[in-house]
Amino acid sequence: MTGSAPPPDVDPGAAPPTLLEVSGLSVSFRTEQGVVHAVEDASFTVGRGEVVAVVGESGSGKSVTGLTLMGLTQSPNATIAGSAKLSGRELIGASQATLREVRGAEIAMIFQDPMSSLNPVVRVGEQIVEQIRAHEEIAHDAALARAVELMERVGIPRARDRSRAFPHEFSGGMRQRVMIAMALSCSPRLLIADEPTTALDVTIQAQIMEELGLLRRETGAGILLVTHDLGVVADIADRIIVMYAGQIVEQGSLDDLFYDPQHPYTWGLLGSITRVDRVRSARLPAIPGQPPSLLNAPAGCHFRPRCPHAFDACTQPPALEARLPGSPAHRDRCFLEPSVKRRIRTVDGAIGLATGETVIS
Amino acid sequence: MARFVVRRIGSAILVMFATSVLTFLIFQAIPSGDPAFRLAGKYSTPAQVESIRREWGFDKPIYVQYVKTMEKIFDGSVISYTQQLNVDQTVIHDLPATLSVTIGGAVIWLLVSVLFGVLSAIRAGRYLDRVLTVLAFIGLSMPAFFLGDIALYYLGYKAKIFPLGDYVPLTQNPGAWFSHLLLPWMTLAVLYIGIYSRILRSSLLDTLGEDYVRTARAKGISERRVLIRHALRNSMIPLISLWGLDFASLLGGGTILIEEVFNINGVGKYVGDSIGRLDVPPILVITVFAAFAVVALSAIVDILYAALDPRIRLSS
Amino acid sequence: MGPYQIAWRRLRRNRVALAFGLLFVGIVVLCLLAPVYASDIAHTTPSANHETETVRIGSKTVDVVSLTGLPIGPTWHGRFFLGADAEGRDVAVRLLYGGRNSLEIGAVATLITIIFGLLAGIVAGYFRGFTDGVISRVLEVIWAYPVIVFGAAVGVIVNVGGLNLGFVKLTGGTLLVPAIIIGIVYIPYVARPVRGKVLSVRGLDFVDAARQQGLGHMRIMVGEILPNVTTLAIVMIPLQLAQSILLEAALSFLGAGVQPPSPSWGTMIGDGTRLIPGAIHLTLVPGTMLVLCVLGINIFGDGVRDALDPRAKLRIEP
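Chains as they are written, first to last, in this note's numbering: chain A, 1047 to 1407; chain B, 440 to 755; chain C, 75 to 392.
Keep in mind the hints are simulated off the structure, nothing from the lab. Warning: the hint list may mix true and false statements.
What the hints assert, rightly or not - Partner residues are not named here, just some residues of chain A that face chain B (Cβ under 10 angstroms, in silico):
id, residue
1, I1126
2, A1127
3, S1129
4, K1131
5, F1157
6, E1176
7, E1215
8, M1225
9, I1282
Claimed, not checked - Computed beta-carbon distance windows for the label pairs:
id, chain 1, residue 1, chain 2, residue 2, range
10, C, L104, A, G1080, 41 to 49 angstroms
11, B, I742, C, L104, 47 to 55 angstroms
12, C, V296, B, A745, 30 to 38 angstroms
All residues carry an ideal CB built from backbone N, CA and C; glycine is no exception.
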């Protein structure tokens, strides 16, 4: 990419320097029916060159987290507390001027639906140019040239011609590539991808994920990947954060989460991924029940109503802690003993959430 | 796109034909009295009524009547029997006054509406928005003729800030032309500002909530640019088309109330006076032309709309 | 909670809208009490001509209408509370009777507009194709005429000669004539949005499902389509009422609406305009009443629209 320093060598073995440090982030909205606690006390980090996946259902707070980092959830109804530092610079409560500098240039965002997220009456090349010129003193033609290069880089054929096209003239996958090109235009250090593949076909999904992986390797940018699909992140994520009803219920490395998950909700998520090697059961396992209303979250553990393993301790709110000796980075919010967990999380030969009777520790 | 244009023009022509038929039916064929007598007006003699009957073909079958009526309207030979004046010529003579009123008022109302609409939208729910909303509601609840009366009386007669109506042609005295038109312009604008600023406010609030505006903000561009280049640009499109139609409607006699109150000799006043005199021929002609103007402009606006929206323009 | 209950709750909290709604209701009640006012307080009728009489104000005795043709202004007493007009008639009495006429015409016109607008919109949107084509063209034709010119033109024709369609005879002076004209003129303004809504609902699966069940067109239109446009209709009623009252005033002002000697706010403003710059009360009184009435409807109507708005998910607490 022109105009930026050569990408740093990312050594996957060493602990990456911290790019984003979020601590105690809470976001709530006042509505007619009461206060909605969209995000409660979220704390996590993203390192340089690291891909951190935030996984959860709709309403879990994962999207709100990403949007809040960009300052896009501000409104008279919103109360935002906590801290989010990008390379030491505080984003929460920062001035509009600061946020505007940061957006697009240091943190960039890719949204879920590229059709509605691009201005339908402006040519795509111009939309990329607009972002470049918002952050750099550069002539229009030079910016356009760079936009075309970016489009080539993300795999759009005949980029020069296509830069004059309108969003509706592209297929879904190509539109998303345009969004990616746009997001990269100012060499951001952190990329937030909010469900980037949800609106696309499965085959295109794979291509886009591959594209993101390539990006991380080449630019050393950190990626915060927000998604509801645990399967999608298996190839690319370094660490995973699982969110439920506004809280982080488990976080750890990819291996931690896939091979030694500690929270029943995570088991449910893993159990519901269709697997080729699994015994074919009569029905696809789903987590029973509904996510709680964020207006009246249940006291204690938010997952208790749907958890077949709930017991009396669960009426107290569990803290997000590392409960496994030797794995300080693997944290969860479940009171069950690790030995019990190992026993009960295997259902039908694979990890999943048991339905039916409650198992008491 | 070409197919769209052709279809739209075809539809417009069809509608114009239909309006001409309808107007004809209303004026000449409503089973209430004698059309020839109606056309002849107040001071007619039985002999006149007879000659009108023959001239317009009221003794012939209805489709002949229609053709004759249309012929007379379009070759400019309709005469007001009450006044003994050619209608078309009178209209042409009065048109500049109406144009002056309409164009000036329309420009003012568009500019002020955009200003109020934008301010209301970006300060939605707050004090400024509430104030502007109240003003807008008063504006759109105010009958133009009443407002004109009040303005004329208090600002013109009592406070003597503005001249007391009448129209001074531009060519005669530009200064007087302007000062005499200020009050009519503002009176005309008030109602439309009320309507348009509310529409723009609503449209902007919708647009500002769209995904692509969120993306624009996420790109880090200035809020003002987001507002103008993304939100306003997309919100203005329906507003402009509405503006075009109201403009046509005004030209076609919609200014009647303003012209009556301020004693401006335009097309509107001509219609108004004709109504007062029960003088039918001018009303007939102007109604036909007014409808045509609206249909034509509606088609033009639709075509421009399609031309500007790349989604339509570029599809098959 | 159903959407209407939620809307009702929201409306109840909107004090401004409620206040203006009350204002409108107050005006309506006042006008309905016109006969009571006329006989018990003003001791006259709307067309009684007191031109040559005198009246006592305090200790002085004044001509009701001066020798130069200028009527007296408000006396703030039982007789001629708001003054007299050029024909010596009691303005306050005429105001209330005129209000009744204006409101009656507005109400009837609105009824016509909403009913036929709904009909046209639903039929056009439901059947689509040729039916829609025809109905839409008809609507376009009506819509093409500048509202005032059309209303005035038809008003003149019909008022002068009355209407004789064989089965229906209307003489020139009835209120029904302006009401029908105004009602028809605004039909496209209701029919088009309704048609749009029906088209979007029409495409939804439940309509095809109903057809498959063997339900007839009528059942579907009434049972499935109509409930979906009810919200739209409810929102449009106050809007149309306000528009109709304003149009009636304009037409009467021009002489193409309510015919003398029947009063209406529009004719009164017209009479007053002719006397400007004298006797400004003749214009101010009916005009202010008109503005207050329409303002009340408009602000209340906006409150109704706001309350029914499903999109406002996150509202700011008052």
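Do the hints match the structure? See the list:
no. : hint                                  : verdict
1   : I1126                                 : violated, 16 angstroms
2   : A1127                                 : violated, 22 angstroms
3   : S1129                                 : violated, 21 angstroms
4   : K1131                                 : violated, 18 angstroms
5   : F1157                                 : holds, 6 angstroms
6   : E1176                                 : holds, 6 angstroms
7   : E1215                                 : holds, 7 angstroms
8   : M1225                                 : holds, 8 angstroms
9   : I1282                                 : violated, 22 angstroms
10  : C:L104 to A:G1080: 41 to 49 angstroms : holds, 42 angstroms
11  : B:I742 to C:L104: 47 to 55 angstroms  : holds, 51 angstroms
12  : C:V296 to B:A745: 30 to 38 angstroms  : holds, 36 angstroms
The structure does not agree with the numbered hints 1, 2, 3, 4 and 9 stated previously, though it agrees with the rest.
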